[in-house]
Structure formats: C-alpha cells, structure tokens
Amino acid sequence: AQTVTQSQPEMSVQEAETVTLSCTYDTSENNYYLFWYKQPPSRQMILVIRQEAYKQQNATENRFSVNFQKAAKSFSLKISDSQLGDTAMYFCAFRLNAGNMLTFGGGTRLMVKP
Amino acid sequence: SAVISQKPSRDICQRGTSLTIQCQVDSQVTMMFWYRQQPGQSLTLIATANQGSEATYESGFVIDKFPISRPNLTFSTLTVSNMSPEDSSIYLCSVEDWGAQDLNEQFFGPGTRLTVL
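Sequence order for the protein chains is A and B.
Be aware that the first sequence starts at 1, since it is given in the numbering used here, and climbs by one per residue.
Be aware that the second sequence starts at 1001, since it is given in the numbering used here, and climbs by one per residue.
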C-alpha cells in the first residue's frame, strides 16, 4: 500500500515571498502520478499541479513548481510570489494509474500574510 | 473537464437517521469515487463506484453503513446510514475525466458538510 506524508501541519509566508511545502511518499511501484491539490475555505478541491513519475523534468504551472526526487521519494511544492489567495490547505496525493484512487497526505495549512 | 454538483451542500441531522447525498456530473464518466474528510483531517476514500457493478469499499467502510448507487454514467448517491456524531464530516464526490492538456485527472465536487447531533 502507498503512503503519503506531509511533515508540516502549518506554514506561513509573507505576501510576495516564496514558500516550499514538503511531501514524501512510499511505494514499491515504478510508474505513478503525484499531485498537489489546494482546498480553500470554500472546501472545493482544486488541482494545482501534477507530475508523472516517468518524467525527469519537474512540472511547473505559473507560480507553482515542484521538486520531484524519485529516488528519495520526495515531491515538494514551491509557490513563488505568494498571494493572499494562496491561503488554503494543500494536499499532496499519489495515484498509480488511471482508474485508481488517490492517496492523500495529511495536508499543510498555508497562511499568506499581508 | 467535468463539472460536479452535490446535494445537499450541508445538513444537520439527528443521530440514528440516514442521509442520502447526490452527485451529478455534467458528462459521462466511468469512475466515480466517494471520499470522507473528517474535521481538520485529510481525505479518505470510502468506495469506488462504477456504473453497472457493485461499489468497491475500502477497508473500514461497509455497504450497510454507506450504501452507494450508480444508476448511470452521470449520477451517484451515497447514503450515510444510522448516523452518529462520529459521521460528522465533509463527503466529497470525485470523478475521473480528461482535463487540460488531455491528461486524465480527478475532479471533485464542492462537498457536503454533514453535522450529526
């Protein structure tokens, strides 16, 4: 079974600064997908970024980028130029293939301060 | 990408009663998932629902407590039966669909916040 661990329950960052959220996972599989989801107070789960394990290049999506270290089973999220609207819970998630469930980490509550 | 709606958005129920949560998708999807998010916690999968077959439940969840229907490719219901305060959670419906860049993604509904007194 796969497990996902987020070691930072809460983090804060000043507006316009950069913050990195940590995620580690455990699997014996070689091919899988990793995701970061954002859950603002509205409860809506929003996909921020995804990474295919077979791709060596780190995924980027505007101000969001990941540092994917497959050997270390690490998948951190970097948010650049933080905005007040980035305040939310962030969940790291793992999935084997299409049609499989998502396994979520415990979440990191991020507060962006003005 | 799929657009998902859930009804009700929230409810307050008495212990011992049951509540049925509806999930409606604007397109036909094969895989539908039901997750539970207890207060301050992460998401845990309850079951996977495919049209035309019995739902597959994860460890710790049973059909008698969480019966699921999947009558067609755009709709599913989750019932929380004989509720207790421990069932107070957010229940989220999720589907697999093709998102941006033709990548298979999981999309989530807005969730149903259930409080059991």
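Keep in mind that the hints were calculated from the coordinates and are not lab data.
Hints are not guaranteed to be accurate.
[Unchecked claim] A partial selection of chain B residues facing chain A, derived with a Cβ cut-off under 10 Å:
1) G1016
2) T1020
3) Q1022
4) S1042
5) F1066
[As the list claims (entries may be wrong)] If you anchor each label on the Cβ, the simulated ranges turn out as follows:
6) N1082/B to T20/A: 23 to 33 Å
7) D1026/B to P41/A: 23 to 33 Å
8) I46/A to S1053/B: 27 to 37 Å
9) D1011/B to K55/A: 39 to 49 Å
10) T60/A to S1005/B: 42 to 52 Å
[Claimed, not checked] Pairs of lysine to any residue, SDA-like flavour, derived with a Cα cap of 25 Å:
11) K73/A to T1074/B
12) K73/A to Q1041/B
13) K1007/B to A1/A
14) K55/A to S1001/B
15) K78/A to F1107/B
16) K1007/B to K70/A
17) K55/A to D1097/B
18) K70/A to T5/A
19) K73/A to E1105/B
20) K73/A to L1045/B
21) K78/A to N1104/B
22) K70/A to S1042/B
23) K70/A to E1105/B
24) K73/A to T1044/B
25) K78/A to G1040/B
26) K55/A to N1104/B
27) K1007/B to M89/A
28) K1065/B to S1001/B
Every value quoted in this text rests on a predicted model; they were computed, and no experiment measured them.
Virtual Cβ for every residue (Gly too), placed ideally from N, Cα, C.
Legend entry - Hints not upheld, ascending by number: 1, 2, 3, 5, 6, 10, 11, 13, 16, 28
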